[in-house]
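**Student:** Using the sequences and the accompanying hints, generate a full structural model.
Each protein sequence line maps, in turn, to chains S and D.
According to the numbering used here, the stretch in the first sequence is residues 1 to 273, in order.
According to the numbering used here, the stretch in the second sequence is residues 274 to 623, in order.
Derived from the structure by calculation, the hints contain no laboratory data.
There's no promise every hint is true.
[Said to hold, decoys possible] Straight-line distance between alpha carbons at most 25 Å, and here's what the computed SDA-like set of lysine to any residue pairs gives: (1) K107/S to P287/D; (2) K404/D to K107/S; (3) K563/D to Q579/D; (4) K404/D to N182/S; (5) K375/D to L173/S.
[Said to hold, decoys possible] Some chain D residues judged to face chain S by a derived CB distance under 7 Å, without partners named: (6) L326; (7) N365; (8) N368; (9) G373.
All values reported here derive from a predicted model rather than from experimental measurement.
We put the beta carbon where it would ideally sit given N, CA and C, even for glycine.
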Amino acid sequence: MTRFITSSFSHLILLIGILIMVVPVWMIFASSTHTSSMINMNGLQMFLGDSFYENYLRVLLYQGGFFKEITALKMFFNSFIMATGVAILSVVTSLMAAYALVYYRIKYATLLFWIIFITILVPLELRIFPTYSVMAELNLVNSYFGLIVPISASAIATLFFRQFYKTVPDELLESAKLDGANTWRFFVDFLIPLSKTMIVAMLIFMFVFGYNQYLWPLLVTTSEQYWTVVMGLKMMSGSIVHRFAFVMMSMVPPILIIIVLQKYFIKGVFQDK
Amino acid sequence: MSFLDLKNVTKIYPNGTKAVHETSLSVDEGEFMVFVGPSGCGKSTLLRMVAGLEDITEGDINLDGKLINEVDPSERDVAMVFQNYALYPHMNVYNNLAYGLKNRGIDKETIEQKVNDAAKLLQISDYLQRKPSMLSGGQRQRVAMGRAIVRNPKIFLFDEPLSNLDAKLRIQMRLEIKKLQQKVGVTSIFVTHDQVEAMTLADRLAVINNGIIEQLGTPIEIYDNPKSLFVAGFIGSPQMNFLDGNIKNKTLSAEGFEIKDIDSDFEGEVKLGIRPEHLSQRENSLINLKVDLVEQLGSDNLVYGQLKDKKDFCYRCPGNLTIEKGTDLSLNIENNKYYIFDKSTGKRVN
Ligand SMILES: Nc1ncnc2c1ncn2[C@@H]1O[C@H](COP(=O)(O)OP(=O)(O)OP(=O)(O)O)[C@@H](O)[C@H]1O
Ligand SMILES: [Mg+2]
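**Tutor:** Spelled out as structure tokens, the structure:
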């Protein structure tokens, strides 16, 4: 009996937690399916209205921005390119960096690693002006390349992969060598398949990281053609239901990525064998 | 020059550990060579230098008439079976076997043929699609063997491959390895610290101690004719009995008895070695043993006890003799089979 009470009590707490998280999101979603006048007169809504298609389609295709040059659809496209680029590039570079650090006979490899690691203490926001001037110098302002590359070296991902490689037994490498595998083949045939789940987890992390960038895209783009969703959230104008609809849509890509890859994601974060 | 030739090979690890001292050794084609010795004596190091997994500090290694000191392990055409098997965890058994062949650019049909042949030989055909994590210890052992066999390498290297198996399986696999090696006829080096394994597998045996080969020979030679105290103590189970003694004028006096007219000119402090199986009971013999404990193995009894001077001693007798605890036995050394070693250098002197 006491067991039942304590367990229902903890369930209750969890349920309250979920409600606190979910209700505001639901209210925005429900409100985004009504007309503007309805919201303006009656406030936020708890139940669905019937303007869903109308509102969302209009937001997607409306030429917004200060100069009316970009649609939300294009922003989603830009964000997708940027997030995917950051995810892929940072995973590839950190995989290779970790491989070199662990398997090559580099003097002071540990020291080098810690130097890479302390770059965590120097986030983009701190080095934003020098980074900007480098990009400007290279003529990369207003380009996808400029959006992606400066935030695509991840010390965290390098740390994850390095720690994983260190747990791979030496005999595996030795055995592979005797089987005729060279350094490259060992990387491709062994380390990449063995760290598959971790790679997927890192791809998700870095995708969301890239997707959520605000300050850097703001600085490195002057043309509206390169606006991203997160910038759009700040800049957008228009009626309240359209803004709600845009907010709702901005959550979709990261959620979609996690749902599709969650099997790997959970395994990768909680260390698979 | 023989098939595998080590000349004055020395290994000093970067931290200064001298693991192998100026070792020279020849292995003939098709021979089964076993390295045996206590833990840390440098067996694995020597083997890994042949494989190319450790640099050679000094000396030369020739394989099949070619100096291989600087040859990359992937080009040496050697196969190695590791203690923990080192199977590729993300590949199924088929690909574990096929991987080395693929890297050599062999075409698909030939690979399939070879893998299937090897699998049949090792009776692992039923598991080809399984991942290593879904196999038992003995099956993994076979896959590791298969991975070595399938490439038909110049030489097999085994680094204590049986030590992760239970006792019964170990004996079975030991037999299978020996049969397999005779069938395939590939030159092999097998590292173990188990002297029974060493004796049963070897064509020739190298007893290694502290980075030096103490003695090299067939198992029987080494058992019958150990050249040093270390080898005498290491080979043979139960261990040889050692007694302190002294030689003067061809007479050895140990505590409690004397042996006259020994076959040695040595004078001074010695160790007398007698194997437990070279003793028999006879009235009024040299050695008097007070029995403490009898281990009955069925075919044999191992009788443990003490001599007059409280020295521990072991005697092996046929299993049909009943010996009670506390009795006094009088033991004779059969056919004068005893070994005398210089106490200071450990060298054999008779
Ligand atoms: N990488 C290394 N760096 C420094 N010293 C090492 C290294 N590997 C082995 N040694 C040392 O070299 C000596 C020989 O080691 P080795 O592994 O060859 O012994 P072994 O005969 O195979 O022993 P075991 O039966 O326990 O496997 C040991 O003293 C060991 O401590
Ligand atoms: Mg070893």
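**Student:** Does each hint hold? Answer for all of them.
**Tutor:** Here's how the hints hold up against the structure:
For the proposed pair K107/S and P287/D, the alpha carbon gap of about 14 Å is at most 25 Å, so the pair holds. Restraint check for K404/D and K107/S: the C-alpha separation of about 37 Å exceeds 25 Å, so the hint is violated. Between K563/D and Q579/D the alpha-carbon distance is near 5 Å, which keeps this suggested pair within the 25 Å criterion. Restraint check for K404/D and N182/S: satisfied, since their Cα atoms lie roughly 23 Å apart, inside the 25 Å limit.
At most 25 Å may separate the alpha-carbon atoms for a hinted pair to count; K375/D and L173/S meet this at roughly 17 Å. Interface hint status for L326/D: upheld, as the beta-carbon distance to the closest one in chain S is roughly 5 Å, under 7 Å. Interface hint status for N365/D: violated, as the beta-carbon distance to the closest one in chain S is roughly 12 Å, over 7 Å. Hint on N368/D is violated. Least Cβ distance to chain S is approximately 10 Å, over the 7 Å limit.
Because the smallest distance between the Cβ of G373/D and any Cβ of chain S comes to about 4 Å, under 7 Å, the interface hint for this residue holds.
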